[in-house]
Amino acid sequence: GQQVMQIPQYQHVQEGEDFTTYCNSSTTLSNIQWYKQRPGGHPVFLIQLVKSGEVKKQKRLTFQFGEAKKNSSLHITATQTTDVGTYFCAEGLFGNQFYFGTGTSLTVIP
Amino acid sequence: EAQVTQNPRYLITVTGKKLTVTCSQNMNHEYMSWYRQDPGLGLRQIYYSMNVEVTDKGDVPEGYKVSRKEKRNFPLILESPSPNQTSLYFCASSRGTEGAFFGQGTRLTVV
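In order, the protein sequence lines correspond to chains F and X. The first sequence: position 26 = 26 (the working numbering), numbered continuously. If you want the working numbering, it's the position in the second sequence, counting the first as 1, plus 110.
Worth flagging that the hints you see were computed from the coordinates, not collected in a lab. Note that the structure is predicted; figures quoted are calculated from it, not measured. Some clues are possibly wrong.
For the chain F half of the interface with chain X, some residues (derived, Cβ under 8 Å), not all of them [stated by the list, open to error]:
#  : residue
1  : Tyr22
2  : Asn24
3  : Thr27
4  : Gln33
5  : His42
6  : Phe45
7  : Ser52
8  : Gly53
9  : Gly92
10 : Gln97
11 : Gly101
12 : Gly103
Sample of chain F residues facing chain X (criterion: CB under 8 Å; computed from the structure) [claimed, not checked]:
#  : residue
13 : Tyr10
14 : Asn31
15 : Gln48
16 : Ala78
17 : Leu93
18 : Phe98
19 : Phe100
20 : Thr102
Using N, Cα and C, we set each Cβ at its ideal position, and we do this for glycine too.
Construct the entire structure; sequences and hints are all you get.
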């Protein structure tokens with residue numbers, strides 16, 4: 001299957017610091033989706049990027065899709081304790097095939 | 111309320127005893143999938159379905175079966191569970207390649 005690599009695997013930040021997770025692929029991605037999974041919860045869809053170089057924002061979250069459509073990033077400004085969880089990227093292919101990255105687990109220290 | 115409902119939420123079973131995990135969605139989505147989540151491995155797709163009576167293997171289908179007789183339901187069947195199928199399972203539905211809606215998860219332990 002597709003290989004979507006995600007780094008880092010874990011990240012601890014002090015509350016108020018910024019956080020970034022990266023998704024990389026060796027092949028061109030059709031799109032990139034981002035999900036958040038709170039501890040003990042289920043993945044929740046955040047956003048989808050489709051166009052080369054696309055940037056979207058949701059409050060303190062900024063999502064970018066690389067110009068070559070081989071990488072993506074999620075940046076959180078001034079983290080809060082509510083940001084705790086695991087963030088996954090995924091490529092969604094026609095026919096409901098989704099390839100998920102391994103996730104980045106974010107811990108926010110108050 | 112739009113949702114994907116899985117049952118049971120927790121299950122402990124013995125090796126070889128057939129079990130079914132049910133999944134139902136109320137959003138009239140064409141697409142449904144099953145995933146397993148294991149530490150360090152992320153979410154891996156087991157099976158997916160594009161519509162009624164249309165199913166296909168994902169990345170890790172061995173030891174699992176699915177059926178899609180109705181649009182809203184997509185049960186996951188383990189005919190002869192083994193300990194390496196101990197995992198957290200998620201059902202999801204979506205419309206096309208739009209974001210997927212996930213169920214609450216089923217934590218399965220096979221002893």
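For each hint, the structure was consulted:
1. Tyr22: 15 Å, violated
2. Asn24: 14 Å, violated
3. Thr27: 16 Å, violated
4. Gln33: OK, holds: Gln33/F within 8 Å of chain X, min 6 Å.
5. His42: Since chain X brings a Cβ to about 4 Å from His42/F, closer than 8 Å, the hint holds.
6. Phe45: Since the shortest Cβ distance to chain X is 3 Å, the answer is holds.
7. Ser52: 17 Å, violated
8. Gly53: With a closest approach of 19 Å, the Gly53/F hint is violated.
9. Gly92: 4 Å, holds
10. Gln97: 6 Å, holds
11. Gly101: 6 Å, holds
12. Gly103: 5 Å, holds
13. Tyr10: 11 Å, violated
14. Asn31: Holds: closest Cβ of chain X sits about 6 Å from Asn31/F, inside 8 Å.
15. Gln48: 6 Å, holds
16. Ala78: 25 Å, violated
17. Leu93: At 7 Å from the nearest chain X Cβ, Leu93/F passes the 8 Å test, so the hint holds.
18. Phe98: 6 Å, holds
19. Phe100: 4 Å, holds
20. Thr102: 4 Å, holds
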